[in-house]
Every structure is written in structure tokens, then in C-alpha cells.
Amino acid sequence: DQQVKQNSPSLSVQEGRISILNCDYTNSMFDYFLWYKKYPAEGPTFLISISSIKDKNEDGRFTVFLNKSAKHLSLHIVPSQPGDSAVYFCAAKPQAGTALIFGKGTTLSVSS
Amino acid sequence: GAVVSQHPSRVICKSGTSVKIECRSLDFQATTMFWYRQFPKQSLMLMATSNEGSKATYEQGVEKDKFLINHASLTLSTLTVTSAHPEDSSFYICSARPQGQGAGYGYTFGSGTRLTVV
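Listed in order, the protein sequences are those of chains A and B.
Count the first sequence with the working numbering and you get residues 1 to 112, in order.
Count the second sequence with the working numbering and you get residues 1 to 118, in order.
Just so you know, the hints here were simulated from the structure itself, not pulled from any lab data.
Glycine is no exception: its CB is placed at the ideal position from the N, C-alpha and C atoms.
Misleading hints may appear alongside valid ones.
For lysine-lysine, the following BS3-like pairs were computed, each having C-alpha atoms within a straight-line distance of at most 27 Å [to be verified]: (1) B/Lys66 x A/Lys71; (2) A/Lys56 x B/Lys64; (3) A/Lys68 x A/Lys104; (4) B/Lys66 x A/Lys104; (5) A/Lys54 x A/Lys104.
Among chain A residues calculated to face chain B with C-beta under 7 Å, some are [stated by the list, open to error]: (6) Met29; (7) Tyr32; (8) Tyr39; (9) Pro40; (10) Glu42; (11) Ser49; (12) Lys93; (13) Pro94; (14) Gln95; (15) Ala96; (16) Thr98; (17) Phe102; (18) Lys104.
Quick partial rundown of chain B residues pointing at chain A, CB under 8 Å, derived from the structure [as the list claims (entries may be wrong)]: (19) Gly16; (20) Lys20; (21) Leu26; (22) Phe28; (23) Gln29; (24) Leu44; (25) Pro98; (26) Gly100; (27) Gly112.
Produce the entire structure from the sequences given, and follow the hints as far as they go.
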């Protein structure tokens with residue numbers, strides 16, 4: 001059973017608007033959540049993370065929100081740019097482990 | 001920033017042969033590296049955790065005799081796919097985190113290796 005879920009396989013947004021990417025998790029024993037961006041045939045690139053003791057972290061155009069009661073996190077990109085078009089992966093690190101567990105990814109398409 | 005170099009980026013091999021993939025941390029030391037596998041439109045699935053100087057820890061369902069992992073130094077881990085078959089064709093990616101760096105700073109990934117077994 002998947003512990004990290006990204007239920008939307010794709011998202012299309014117009015340039016300048018907000019992109020909201022969602023992620024749900026089932027295990028309460030994660031201590032960090034991370035977002036990665038990935039282009040085809042390349043490795044993922046780290047974007048932003050959030051500790052489980054926080055509810056928001058912001059870095060430039062990227063903001064991650066964590067709702068622990070709902071076991072849900074989201075990545076907001078504002079304003080969206082065509083260069084943001086990629087696959088976005090949500091990942092979580094178990095408290096008792098070191099390896100990241102990934103969701104299936106959401107393909108974001110930003111049109112100009 | 002931390003850089004992980006993965007080589008080769010693409011390899012085509014004949015069924016029954018073995019293929020070695022290298023993962024190097026260029027500007028940091030990593031006692032632990034991670035090997036993932038990604039099928040088309042699927043998640044990155046953790047295959048094993050590579051530990052410097054000791055045996056790798058494999059995830060359930062991953063054949064340790066087929067996917068040999070060696071972590072001989074603090075900057076190099078290798079994954080050897082032995083007796084490769086077409087079903088082993090996939091995208092393999094390694095990852096590492098600098099020693100002493102917290103998880104919140106992210107893990108660095110290699111650029112991946114596209115393996116095609118014909």
C-alpha cells in the first residue's frame with residue numbers, strides 16, 4: 001500500500017497563475033516532507049522541504065503547507081512559469097529511517 | 001552545492017550480460033547512498049540502501065543476488081545488474097545526503113541511468 005500518494009497525475013495552469021500540487025500520506029511517523037522536480041531522463045532536483053513540526057515553509061515562489069491532522073501537504077507555485085513544467089514528486093522521510101519514500105508524481109504543464 | 005555523478009547515463013546490453021552503474025558524490029562524503037528504480041509514469045521505488053564498508057540493505061522483493069551493490073568508499077557506490085533480462089529495463093537513480101546534513105536540506109540525486117536490455 002502506498003504511504004505517499006499524489007492522486008492527480010497531471011495539472012495544467014496558465015502562466016502567471018498559481019499552481020497547487022497536492023500530496024497525502026498515510027503514515028504519521030514521517031519527520032520530513034520534501035518536494036522534487038524532475039525532467040524526463042534526469043534525476044530529481046530538490047525544491048523545498050518542511051519539517052513535521054511546521055505547517056508552512058516558503059522559498060521564493062514556492063510554498064509548502066502541511067496539514068498534519070489531514071495528513072496532507074501541498075506545494076504552491078506563484079506565479080507559475082513555463083519553465084516550471086515538469087513532473088513534481090512528493091517525498092517523505094520516516095523518523096526511523098533515512099531513505100525517502102516517493103509519491104507517483106504530478107505532471108505540471110504551464111502554458112504561456 | 002552537493003553533486004552526485006551517475007554513470008553511464010544510458011546503456012544497452014544483451015540479455016544475460018551484466019551491467020555496472022556508478023554513483024559518485026563529487027564534493028561530499030556519504031556513508032549512505034540510495035538506489036531507486038523508476039518505471040514509466042511510476043514512482044521512484046527504493047531498491048536498496050548502500051552502506052559504506054558494510055552490506056547493503058535491500059527492500060522487500062528486490063533480489064540481492066541480481067542487484068549487487070558495493071559501497072567501497074565514502075564517495076562511490078556501484079549497482080551491478082547481473083544476468084540482465086528485458087524486464088530489468090528501467091531507469092535507475094542513485095541518491096545521497098552529505099554526512100551531517102539534515103534531511104530538510106534535501107537529498108541529492110544523480111542524473112539516472114536508462115538501462116535497456118535487448
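| said: A/Phe102 was flagged as interface toward chain B. Is the shortest Cβ-Cβ separation under 7 Å? | reply: A/Phe102 check passes; min Cβ-Cβ to chain B is 4 Å, inside 7 Å.
| message | Given a cut of 7 Å on the nearest C-beta pair, is the interface hint for A/Pro40 held or broken against chain B? | response | Where the cut-off is 7 Å and the nearest Cβ of chain B is about 9 Å from A/Pro40, the hint is violated.
| query | Are B/Lys66 and A/Lys71 close enough, with their CA atoms no more than 27 Å apart? | reply | Violated - the C-alpha atoms of A/Lys71 and B/Lys66 are around 37 Å apart, more than 27 Å.
| query | Any CB of chain B closer than 7 Å to the CB of A/Lys93? | reply | holds (5 Å)
| Going by Cβ atoms only, is B/Gly100 closer than 8 Å to chain A? | This hint is violated: B/Gly100 lies away from chain A, its Cβ roughly 13 Å from the closest one there, beyond 8 Å.
| said: Let's test the interface hint: is any C-beta of chain B closer than 7 Å to that of A/Ser49? | reply: This interface hint holds because 5 Å falls under the 7 Å limit.
| Hint status (Cβ of A/Gln95 to nearest Cβ of chain B, threshold 7 Å) | violated (10 Å)
| request: Please verify that hint: B/Gln29, Cβ, nearest Cβ of chain A, below 8 Å or not. | output: For B/Gln29, the interface hint is violated, since the closest Cβ of chain A sits about 15 Å away, which is over 8 Å.
| said: Is the interface hint satisfied for A/Glu42? The criterion is a beta-carbon contact with chain B at less than 7 Å. | reply: Status holds, d = 6 Å.
| task | So, A/Met29 near chain B? Judge it on the closest CB pair being under 7 Å. | result | Cβ of A/Met29 sits 14 Å from chain B, so the hint is violated.
| message | So, as I understand it, the hint says A/Ala96 touches chain B; can you test that by seeing if any CB pair is closer than 7 Å? | response | violated (12 Å)
| query | A/Lys68 and A/Lys104: Cα distance at most 27 Å? | reply | holds (20 Å)
Violated hints for the displayed structure, listed by number in ascending order: 1, 2, 6, 8, 9, 13, 14, 15, 19, 20, 21, 22, 23, 25 and 26.
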